[in-house]
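Order-wise, the sequence lines are chains A and B.
The working numbering applies: residue 1304 is where the first sequence begins, and numbers increase by one.
The working numbering applies: residue 1304 is where the second sequence begins, and numbers increase by one.
One thing to keep in mind: the hints can contain errors.
Identical copies go unnamed one by one, so any copy, or any two together, can satisfy a pair.
Calculated lysine-lysine pairs in the DSBU-like style (CA-CA distance at most 30 Å, straight line) [what the hints assert, rightly or not]:
{"#": "1", "residue 1": "1627", "residue 2": "1692"}
{"#": "2", "residue 1": "1677", "residue 2": "1305"}
{"#": "3", "residue 1": "1562", "residue 2": "1548"}
{"#": "4", "residue 1": "1455", "residue 2": "1348"}
{"#": "5", "residue 1": "1348", "residue 2": "1485"}
{"#": "6", "residue 1": "1679", "residue 2": "1407"}
Since the hints were made in silico from the structure, they are not lab data.
2 protein chains.
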Amino acid sequence: MKIALICSGSELLNGKLNTNAAYIGSRIFDIGLHLTSVINVGDRKEDLERIFNSAFKNCDIVISTGGLGPTFDDITVETAAQCLALEIYKNENVLNSIKNYFEKRKLLTFTKNNEKQANIIKGAKVLVNNYGTAPGQMLHFEFKDVQKQVRKTLFLLPGPPKEMKPMFEENVVSFLKCYSSKITKSMGIKVFGLAESEVEQMIMPVIKDSSFGDNNSIEFGIIASNSVIEVKFSVSGDDELLTDKKLLELKFSFENILKENIFGYGNETLASVVGKLLTTAKKTISFAESCTGGLISSALTDVPGSSLYFKNSIISYSNFAKIKILGVKEGTILNTGAVSEETAKEMAVGVLKLSESDYALSATGIAGPSGGTKEKPIGLVCIAFADKKKCEAFKFNFTGTRDNIRERTVVTALDIIRRRILFSRLKNTDK
Amino acid sequence: MKIALICSGSELLNGKLNTNAAYIGSRIFDIGLHLTSVINVGDRKEDLERIFNSAFKNCDIVISTGGLGPTFDDITVETAAQCLALEIYKNENVLNSIKNYFEKRKLLTFTKNNEKQANIIKGAKVLVNNYGTAPGQMLHFEFKDVQKQVRKTLFLLPGPPKEMKPMFEENVVSFLKCYSSKITKSMGIKVFGLAESEVEQMIMPVIKDSSFGDNNSIEFGIIASNSVIEVKFSVSGDDELLTDKKLLELKFSFENILKENIFGYGNETLASVVGKLLTTAKKTISFAESCTGGLISSALTDVPGSSLYFKNSIISYSNFAKIKILGVKEGTILNTGAVSEETAKEMAVGVLKLSESDYALSATGIAGPSGGTKEKPIGLVCIAFADKKKCEAFKFNFTGTRDNIRERTVVTALDIIRRRILFSRLKNTDK
Chain A
1304 MKIALICSGS ELLNGKLNTN AAYIGSRIFD IGLHLTSVIN VGDRKEDLER IFNSAFKNCD
1364 IVISTGGLGP TFDDITVETA AQCLALEIYK NENVLNSIKN YFEKRKLLTF TKNNEKQANI
1424 IKGAKVLVNN YGTAPGQMLH FEFKDVQKQV RKTLFLLPGP PKEMKPMFEE NVVSFLKCYS
1484 SKITKSMGIK VFGLAESEVE QMIMPVIKDS SFGDNNSIEF GIIASNSVIE VKFSVSGDDE
1544 LLTDKKLLEL KFSFENILKE NIFGYGNETL ASVVGKLLTT AKKTISFAES CTGGLISSAL
1604 TDVPGSSLYF KNSIISYSNF AKIKILGVKE GTILNTGAVS EETAKEMAVG VLKLSESDYA
1664 LSATGIAGPS GGTKEKPIGL VCIAFADKKK CEAFKFNFTG TRDNIRERTV VTALDIIRRR
1724 ILFSRLKNTD K
Chain B
1304 MKIALICSGS ELLNGKLNTN AAYIGSRIFD IGLHLTSVIN VGDRKEDLER IFNSAFKNCD
1364 IVISTGGLGP TFDDITVETA AQCLALEIYK NENVLNSIKN YFEKRKLLTF TKNNEKQANI
1424 IKGAKVLVNN YGTAPGQMLH FEFKDVQKQV RKTLFLLPGP PKEMKPMFEE NVVSFLKCYS
1484 SKITKSMGIK VFGLAESEVE QMIMPVIKDS SFGDNNSIEF GIIASNSVIE VKFSVSGDDE
1544 LLTDKKLLEL KFSFENILKE NIFGYGNETL ASVVGKLLTT AKKTISFAES CTGGLISSAL
1604 TDVPGSSLYF KNSIISYSNF AKIKILGVKE GTILNTGAVS EETAKEMAVG VLKLSESDYA
1664 LSATGIAGPS GGTKEKPIGL VCIAFADKKK CEAFKFNFTG TRDNIRERTV VTALDIIRRR
1724 ILFSRLKNTD K
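This is chain A alone, in the form it adopts within the complex:
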């Protein structure tokens, strides 16, 4: 089955990231399907027309986002209708609900322009928008191919993510699930500590050997983002039990290969996993950050409920703060420099004492773009991890831009915590 996603909005051609496409692509993969293409297009009618026509011809399902607003450059409804030679009409129910929406919020005045948002393609089902004025539309239509009539489906969804997402979940997801008539189960395995190409090479034999009967299918995907690799796979079949079994089989195969480099599944992040580990272990943590400037702490506090295990951090950018607040010895900084394993250790021990936490982690490094020397080049980062008994430091040479180096430090730091907690736990269990 071919699914085209068409995203309208000239900002998507001028530098704005298309987050809708990433969201929809990821959710469709979860259902065991694939987007065939994503097309960003502006508000020129001839371009949108050409793109709609091509999608109607080549794909079975066409999902459109954006262009449902009240202004003159919102042309999605009229263009889609024109391409399909269908009429549009003013839907009174929709008109009333838009008016209600305005009254209830008392914020804006209903203008003549807004009436346009009640334009519905003849035969389309109205999809209610609880988070904005533009309703969505779902239309089944017959497309005349060279040889035969084909039944196809068009979804018109609004552009703002907070309006699009619930409408997509409620209408498109359930439709696609019915459409496929298969039972689909999907999973994502999150990996840290291996390069994308390494992961690819390691799991390729499993992918090549995988099969699931004639009528069933398996899809694989690898997505790398900021050193975190996600191995995604979905299994579609007729029998739920067999589908579950195949999914687990694949999961076990990947786990066998990727081992302790796997840190989580699905929506889990390194931060959420570390949070869970700390919660389970009933341990608290604090940070002393230099080059990361608060990024490690903000990653961890990104997780709801982090106040359970996160006590506080000191962002000791200046030597003054390292010495005065964290108690790093002046001699250590003079002798080994602010970026050294020794300084990192004293920072970690310092914040551990100050915060009265169970664990502490520190990071100090040279993120660039200047400040590097031959002995201490840009990208040199020292990370120390302390508990009440010992403190250990690690040295890294990261590459890339200032952003790359800082982000790499964050995920590496979180992974050190993860491995430390898991490792000591494993050892305890061994005894």
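With the hints as your guide, set chain B onto chain A.
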């Protein structure tokens, strides 16, 4: 002129953000041109073929990224050649330089697969890749339209951003600049403190009234991201002086309308602008962060050279840290709560003293998803700003997800610093 961007890679259909499209779109806008469409496509040959054919037919310039790698699913070169009915050949120079690249790095072994990367379309110019093995290609070709032959251009660029960007800048940008034969100047004005729709409404009269002669053109765009609005515009004309004048005219018009809500231009961010203001004023700053968990500090230290003005931060997530490290009175937290203007003020004053900085800012709030009450709902955020003479607190009710609330707090905090510094400076100048 019509420009199509085709981005190959199945990960772009499964949930990966297309950052290449955002980068290229933004840079092409700077030149005074517009992408006509962006198409993400996977590694199925029939899909890529159809998309190439349509782009060759409908556009003057086709830019492709990705699919130049050594593996079996890298099919960009052969598919493009096939669509144009051109041959490919093994380029010996390219082959040698790929072999050299491998030898120099001693990291990987050259395999038979890598030879594929030396496949060049007949007639194409090889674009050197200094950051990877896949060379790019530029090809001028004749396209037979219904009535006449049209000369068009195809660029094949690698997918990894660090390889794509320099190749794009060096080859595509200069080509497009020549191609347009116009002098183009562009500018982006960055705004904070107004909603996207407000900005649009305010500047619409300028956009509608703007004209620049018959042979010249003006393009406008508005991009909103995380409460920051960018008003982008570019002016293309034959005469450099007149083009510059028109650009300045527009700049002044927008400045007149948007006034002190403008915080910067072009690549400037709220953090970089605050950094510049602090540097110029020779002032230092420190932060006491609670709900933002380090995000304000990490935003400011994202700017190279921030060690000049950023001293340190205390991320006082726990009341323990607020009291013990920052010296917030236990009674204040008991009487007014951890999220209150009073606590925010004591946090700011506390970190100001501890850090011996000129300014201090604190943020404490309820980011959710739980923890809200009727009196103190999710989204309530208190921010305080202190200098050595006084301390002032501000109260906000933000909406949205935990992420939204935290990010909104960060930009609001940075904007408070900006307006504080500018305001006191203005007052000094007045006297």
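Tested hints:
1. 1627 with 1692: both (23 Å within a copy, 24 Å between copies)
2. 1677 with 1305: Classified as neither; 55 Å inside a copy, 48 Å across copies.
3. 1562 with 1548: within (20 Å within a copy, 63 Å between copies)
4. 1455 with 1348: both (22 Å within a copy, 23 Å between copies)
5. 1348 with 1485: between (38 Å within a copy, 26 Å between copies)
6. 1679 with 1407: between (61 Å within a copy, 23 Å between copies)
Consistency note: the structure conflicts with earlier hint 2 alone.
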